[in-house]
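Undergrad: Protein chains in written order, with the numbering used here: chain A, 1 to 306; chain B, 1 to 542; chain C, 1 to 317.
Simulated from the structure, these hints should not be mistaken for lab results. Built from N, CA and C at the ideal position, the CB exists for glycine as well. One thing to keep in mind: the hints can contain errors.
[Unchecked claim] Think about it this way: if two alpha-carbon atoms lie no more than 30 Å apart in a straight line, the pair counts; the simulated DSS-like pairs of lysine-lysine are:
no., chain 1, residue 1, chain 2, residue 2
1, C, Lys86, B, Lys513
2, C, Lys253, B, Lys533
3, C, Lys166, B, Lys285
4, A, Lys137, B, Lys101
5, B, Lys222, B, Lys192
6, B, Lys533, C, Lys166
7, C, Lys253, C, Lys86
8, A, Lys137, B, Lys54
[Stated by the list, open to error] Label pairs and their in silico Cβ distance ranges:
no., chain 1, residue 1, chain 2, residue 2, range
9, B, Glu91, C, Ile155, 42 to 52 Å
10, A, Ala211, C, Ala232, 49 to 59 Å
11, A, Leu194, C, Leu94, 15 to 25 Å
12, A, Ile84, C, Arg77, 25 to 35 Å
13, B, Asp70, C, Phe122, 43 to 53 Å
14, C, Ala232, A, Leu88, 27 to 37 Å
15, A, Thr144, C, Glu313, 26 to 36 Å
16, A, Leu139, B, Glu91, 30 to 40 Å
17, B, Glu340, C, Pro174, 27 to 37 Å
18, A, Thr144, B, Asp259, 56 to 66 Å
19, B, Ala307, C, Pro120, 24 to 34 Å
20, A, Ile84, B, Ser148, 54 to 64 Å
21, C, Trp119, A, Leu88, 28 to 38 Å
22, C, Pro174, A, Phe114, 42 to 52 Å
Residue strings, one per chain:
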Amino acid sequence: MAYIGVKVKKAVGDTVFDVFNTIFWIIVLIVVIYPLWFIIIASVSDPDAVIAGEVLLWPKDFSLIGYEAVFGHKELLHSYLNSIYYTLTGTALSVIVTMMAAYALSRKFAGRKFINFLFVFTMFFSGGLIPQFLMNKRLGLYDTALLMIIINCVSVWNLMVARTYIIMNIPDELYEAAIIDGAGHFKYFIHAVLPLSGTIIAVLSVYYGVARWNDYFTALVYIRDRSKLPLQTILREAVAMLTTSTSTDAFFSAYEGDVKGMTEAIRKALVAKYCSIVISTAPAVVLYMFMQNYFVKGVMLGSLKG
Amino acid sequence: MKKSLLVLLLVLMVLTVACGTPSVNQGGDVTQKTETPTTTATAPGSDGKISDEKITLRAFQYVLENQQVDFDNMWFFQELEKKTNIHIEWELVKDGDWNTKLNLMFASGDWPDLIIRGEVDVEEYGVNQKILVPLDNYIEKYMPNYHSRLYLNDAYVSIPASDGKMYYIGNLTAQNVNHDGNHYINKAWLDKLGLDIPKNIDELTNVLRAFRDNDPNGNGEKDEIPFSAADLVHQTQGVYTHFANFGVPLQRFVYACIDDNQKVVFPGYMPGFRDACEWLHMCYKEGLLDPESITQDSNVWGTKMNAGRVGYTTYLRLINTALTPDIAAMYTSIIPPASEYGVKVPRILEVPTLGAALTVANKHIPETLMWLDAQMETETMMVSVNGPIREGGPIEPTMKINDEGKYEILYVPENNALYKYVPVYHGQFFAPGDYYFKIYEMPPHRVERYQTSKDYEEAGVLEKYSFYYLYRLAKMSNEEAIEVSRLYNEIDKFMKESITNFITNGVTDESWKQFLSTAKSVGADRYVELYQKAYDNYLAAQ
Amino acid sequence: MNSDRAYVNKGNRASLFKRISQAVRRDWQLYVLLLPALGFIFVFCYLPLYGIQIAFRDYKAVFGISGSQWVGLKNFRDFFSAYYFKRLLSNTFLLNIYGLFWGFPVPIFLAILLNQIEWPGFKKFTQTVIYIPHFISTVVMAGILYLFLSPDSGIVNVFIEALGGKPIHFMIEPGWFRTLFIASDIWQHAGWNTILYIAALTGIDQELYEAATIDGATKLQKIRYIDIPHLAPIVVMMLILSCGSLLVSNTDKALLMQTPGNMVKSDIIGVYVYQMGLTKAQFSYTAAIGLFINIINFVMIITVNWISKKLGETSLF
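Using the sequences and the hints given, assemble the complete structure.
TA: This is the structure in structure tokens:
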């Protein structure tokens, strides 16, 4: 009887917890979703209504001029493909290189501290943009797709995180057992570490992938040939942050006499920024949903160990 | 740890030596170019060809952020290439990326032949580093069109750098205007309430109160904004423009102005400054001044304007701006209502911006200049901005020559279509006021600005000596320029902060004393001193 | 582990050359695995490092980096004697300290609670939704803040007025700046930052939970005794890494959110550097400021790492 009593009491405690947890998450979801919803409805509303604060729950004076402005950019599709290419290849390279280094750093060997230090040092000290630019130019990487793929290949932050994960989750006994079986580091890394690291590989892919997808600065500095530009650079142009330059004389001179063209340009710019968020985020979200399965697999792999 | 650091330092030192040495020469060979023009090029033949052989030049071209342009396939440049036999390889750089890319370009040592439009620090890259070519000795010989206008209306005066040399070809669209922020009042509201145009600050205050209380837009709601501005410092509709009513010609470009005795003064020290802040605070407190005036951008301001909610404001002009025509029709230009300190609107001068600059990498200086000058031949220049004048172009002629022999606009292609065919804002243009009026039938929006300028001049409400003497004409040595730019940064912050604080919280004797003492420690006196010196030098040179 | 120690002890007596050759022979595969990553940082980080000299020179493009005039510590002195230096430093530091204090625990908290959701559909949906704000650009984020918080028509003030309050001018009152900056950062990135912790939680052996259930542990107890200890090393690692960026902030966002009203609090080093570049390109001056910040950050991370090591927790090296 006592045993059952305890059981019931505990179930009640967990139920209370679950109720509160669910309420908590519903509140979080509302707080997160509303501004996202706002971006979507603002992107299809009349710009003046957005600015006047009249767009609250539903689109007002439905209009697609923002999307017209962005899709009207003839280089959009091409840049989309470029971005996908850079992101996929660059991320794959980054993840492989990072995992290799992370595994090595998780073991003890001569010079490990020093090498660790070498990595961490680069998080803080860099030569700055000018010498980097000069060197990439000298290496012949200026204006090449290769540069877009290999630059920022290793993030020390991600490397340290991956290293910690491997130390945490892959038991030393496994390594000792493998060594007794006569396996070297290569074999152990490929056959034991990688299969057990599904989760961290997924995390690294997401981190690296998103960083690459959102990066516009690299292309701004290093890419001249417009056919190599990635999506974010094109979106930045399409959105054209007019807010600071409007109504100066220079701005009006640019539209000598074309009032309609000018007011349209202003109106478009006001909503195009919302459209660009929708356009650039959609594929990332889809990609993530695909990746999410790996997180679930990570659970299964995790339970295999030990 | 210590060991690691030591080893690392060693490695670094080795690297510094290894990588540093070759970069000594990376700036490219900057052997001083002879400044006397080489006479390899002959003057353009009757066919307009500059060179018999095709010459290719690399141009670093500034482009407005909001325009999609394709210079390679632009009708205007295709025609120009046929005529001159000069081919251009364009590198188009957008507005927002200009500074980053320009600096990297200079640093890389891989310099283009010419830089077109945009802003370039001429003192630094011309006088100091000698990457830009001084053009004085070439202009008369190779640029007859440009040279013939350069000295009209004293248009050239701001071009020479501190060493007296001209490092760039100017770009100027003058229309004889003298100020940016023009004061406008909602005439429709005044008429409805039976009020007169306010002549002084007290009348203005009463008008604003009437706007607030009497529902002039007649919708039964209290949504009127009697007085609105955008973005505190904006040169045409910022809060700064309203200091003019108190005899303080405050603007954001330099925090110094020249008084009637040609002494440079700090605006914060001017007698009307405190009263201006107090009046603005009163407006803020009473709900006359739009509380968002300090933070909102021009777009938000424009939305309020176009909703017919605003009574009094400043702006560039009414016709052909972000205002819809029926809204613009409600407003009328007024002389700024005066306080006891008199009115002083900041006076602007029409000085050229950078049209083109040549770098020492250019091997065809005369040809390049002739190519630029070909674009400044009157008809070509008008076409480059307004579209074709003759049949056979890519679109129907947009201009004609009227009975008075002036160029007149027939129509403006919609949706910025002009940018597909001609460079418009991105090309070469040099038209001092008198010349421009002679050749061009001014469209209404230009006439409007000319008219308001004349009104303000006649009413005597402009500052006597323009701040442009300090901002653009007076030159400083590079060290002083850096000192001034750092001081500017601090003073700009200090002024924005203080003015906002005064407007929202009012001015007390305590906070005013604080203001004066901080102005001193932030370097306002040194700032004024540097400008006084530069201005004195300028006057001495005249 | 034992073999490692034995090797090190033996190596102490051998000559350096011998030690290196021994180490290489024994662990050459590890060095090979490290090679690509080391190669990348060597080429892209260490080779351009000679550019640090810019901070000690008066850089002129035409003379190149090592040809420009050497000015020693002048650029640093100039920065320290800038009128607003103290304010810049404290604003930057406080913004980050508060940001770390409020922002750091949130993703851990969220990850643990998310892990407890039992309905898989709801869990998946929630997980996806909380990641999305991360993708919003800074420009739009700031734009939304201005729109929602406008004293004229913003939804927040409409709400406040409906409840009988007076509209608050959020963007002009200095007191609101840090709150808004940090709160919007949390809104935007806390969800995204759960990724790592959720991944760590999925690594927990399911048998542990099952055993705990049989022992009659409540959910709260499982969190306390299984989840939190398991997360500890990664949390410590993240904390150490975060302490290395206490003088670095999102400059774009600060610029966009800065108004003349809140400058007393929003004037931070990144914004100052940006404004310096606007009027006149001052490479050496801004490079010196950057170097100064990084030295402080570096000292900070080394210190925190040292403390962590002393306490027997995870460390960087």
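Undergrad: Looking back at the hints listed earlier, which ones does the structure fail to meet?
TA: 2, 6, 10, 11, 12, 15, 16, 19
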